[in-house]
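Q: Going down the list, the protein sequences come from chains U and W.
Counting in the working numbering, the first sequence runs from 2 upward without gaps.
Counting in the working numbering, the second sequence runs from 65 upward without gaps.
Check before you lean on any hint, since a few could be wrong.
List time: in silico DSBU-like cross-link candidates among lysine-lysine, alpha-carbon distance up to 35 Å [unchecked claim]: (1) U:Lys255 - U:Lys177; (2) W:Lys157 - W:Lys306; (3) W:Lys251 - W:Lys235; (4) U:Lys255 - W:Lys256; (5) W:Lys257 - W:Lys235; (6) W:Lys256 - W:Lys157; (7) W:Lys256 - W:Lys235; (8) U:Lys127 - W:Lys257; (9) U:Lys127 - W:Lys251; (10) W:Lys235 - U:Lys255; (11) W:Lys251 - W:Lys157; (12) W:Lys306 - W:Lys109.
Treat the hints as calculated values from the structure; they're not laboratory data.
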Amino acid sequence: MRRRGSFSRAVFIGTIIFLFMPLVVLVLYSFNDSRSGSWGGFSLRWYVKLFTDSPELWRAFGNSAVIALGSALVATAIGTLGAIGVNWYRFRLRSYLRTVTFLPMILPEIIIGVSLLVFFSGIGLKLGLFTVFVAHVSFNLPFVFLLVLARLEEFDFSIIEAARDLGANETQTLLKVIVPITMPGIVSGFLTAVTLSLEDFVITFFVTGPGATTLPLFVYSAIRFGVSPVINALSVVMILGTVALTWSMRNFLKYIAAK
Amino acid sequence: MKRGPGGLYAAPSVVWLTVFFIAPLLIIVLYSFMTPGARGGVELKPTLDAYRAIANPVFARVTFNTILVALGSTMITLLIALPCGYYMARSSKQTLLLLLVIIPFWTNFLIRIYAWIAILGNEGFLNDLLRALGLAQDSVRFLYNRWAVMLVLVYTYLPYAILPLFSTIDKFDFSLLEAARDLGATKLGAIKKVLLPNVRGGILTAFLFTFIPIFGAYAVPLLVGGTESYMLGNLIADELTKSRNWPLASAISLVITVVTTIGVMLLLRANGTKVLGGGGAKEEPEARAALVGASLVGSAPAGGAR
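Produce the complete structure using the sequences and hints provided.
A: Printed below as a string of structure tokens:
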């Protein structure tokens, strides 16, 4: 038994080391007193600078948070309704909607970014936070749609008929029957949308304008135009933040699913 | 399936995606046949110049580079991901192993690129180590070449390949392998003839999830690549923002869109595929949504952890 899979095991262990090594190096460097690569002793100065003396960074963080929450909310609302429509009803543009949600999944991000930039400038919309918001809703929507749809497919139409027979009108059926049973799908759609939005660089890069720097864009310009070790500290804080956030989401989802 | 308010429910999605996704793609088609404007944009004079420009050798070289880097890194990714998926599927601690693969994936995309710059840069970790060990006097230039680009791309997309492979191999009936061994197959022979054909769907999914984003890569070659690793994504961006030749940028985008879409269709059809272990071609994007959702919010993908 012990010898079985020794090759695959070696590859797996190597892979995990490969995946974690850059993160470990970042953590180490974030405590490095020296500005250059070589080790200059332990220090917390980059963390101090991160929290007390990095106004642009925090502005970018604020933009990211607003865009992520706003675009996720709108995408979730629109996408959920779309999934409900597609799952239970027959209507004229049904197969069109299914195809249109398919496409953004298979196209490289850069195509979506470029086409939106060309579109925005074509209709004369000024690039800025609003165009970033619109772009994020657009790439989030298909994910929410498909995640909610996957949940809805577990139920059949009889629950809606039952609600109707018991005298519920359309709005009541939606709010008291459909939305509650779909909640796990809606929540994971929303959380996925928030994360995708916080993560996105390429699409945002093309549709952003003055004053609409998001956190990934800030990191990008820091890399391009001279890295300050503050980025190391920021990376560590972001890694910890994501792990904490994801951990709580995970438990939250479990809690909802168990209910 | 009933008649009812379905159209009403779906209307916001239909309108939003039509206006902000389909319309922009159509505008790209239109722009690719126009004359470049003086400062970006286009003049509404039809011409085939953009497509003539695509036929020139510079474009061919960049396309060749892109295909080389994309195929190379996808193959390396799959070769690493297969044994990983196999090991995870056979392990009794699947949840833990899944988390180990997913956690680095939670780190912001740009931070992950930056981490590699911090390791491989002239003033980076590796050069420091080499100097400290007396193995090098001057800095070795690890970055800004094709190898650096491929390394970082493999790093970025490895989890995208491991997760679908794990999830398909996990559903494989391993007693078939034992049967093959009992009938005299070698271990490698059994894996090649019995396991691999059965997990073809997972391999295909992994291929698509890695190849497509790498083919359209922009940030990685921009930040860790050099002139020899200039890719189509960079060419589009430069035509758009530097050369201000929007018709050409549109034409290249269109070519990528068409190639990607046809490629996906052909691959899915040729295999009558079972992606992520179930369903037909239509479910591929659903699989992707489930995968991305699952990895982001940290639960296992379909059929994952026990």
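Q: Hint by hint, note whether the structure agrees.
A: Quick rundown of the hints versus the structure:
no., hint, in the structure
1, U:Lys255 - U:Lys177, "holds (22 Å)"
2, W:Lys157 - W:Lys306, "violated (51 Å)"
3, W:Lys251 - W:Lys235, "holds (20 Å)"
4, U:Lys255 - W:Lys256, "violated (38 Å)"
5, W:Lys257 - W:Lys235, "holds (17 Å)"
6, W:Lys256 - W:Lys157, "holds (25 Å)"
7, W:Lys256 - W:Lys235, "holds (17 Å)"
8, U:Lys127 - W:Lys257, "violated (58 Å)"
9, U:Lys127 - W:Lys251, "violated (62 Å)"
10, W:Lys235 - U:Lys255, "holds (23 Å)"
11, W:Lys251 - W:Lys157, "holds (24 Å)"
12, W:Lys306 - W:Lys109, "holds (22 Å)"
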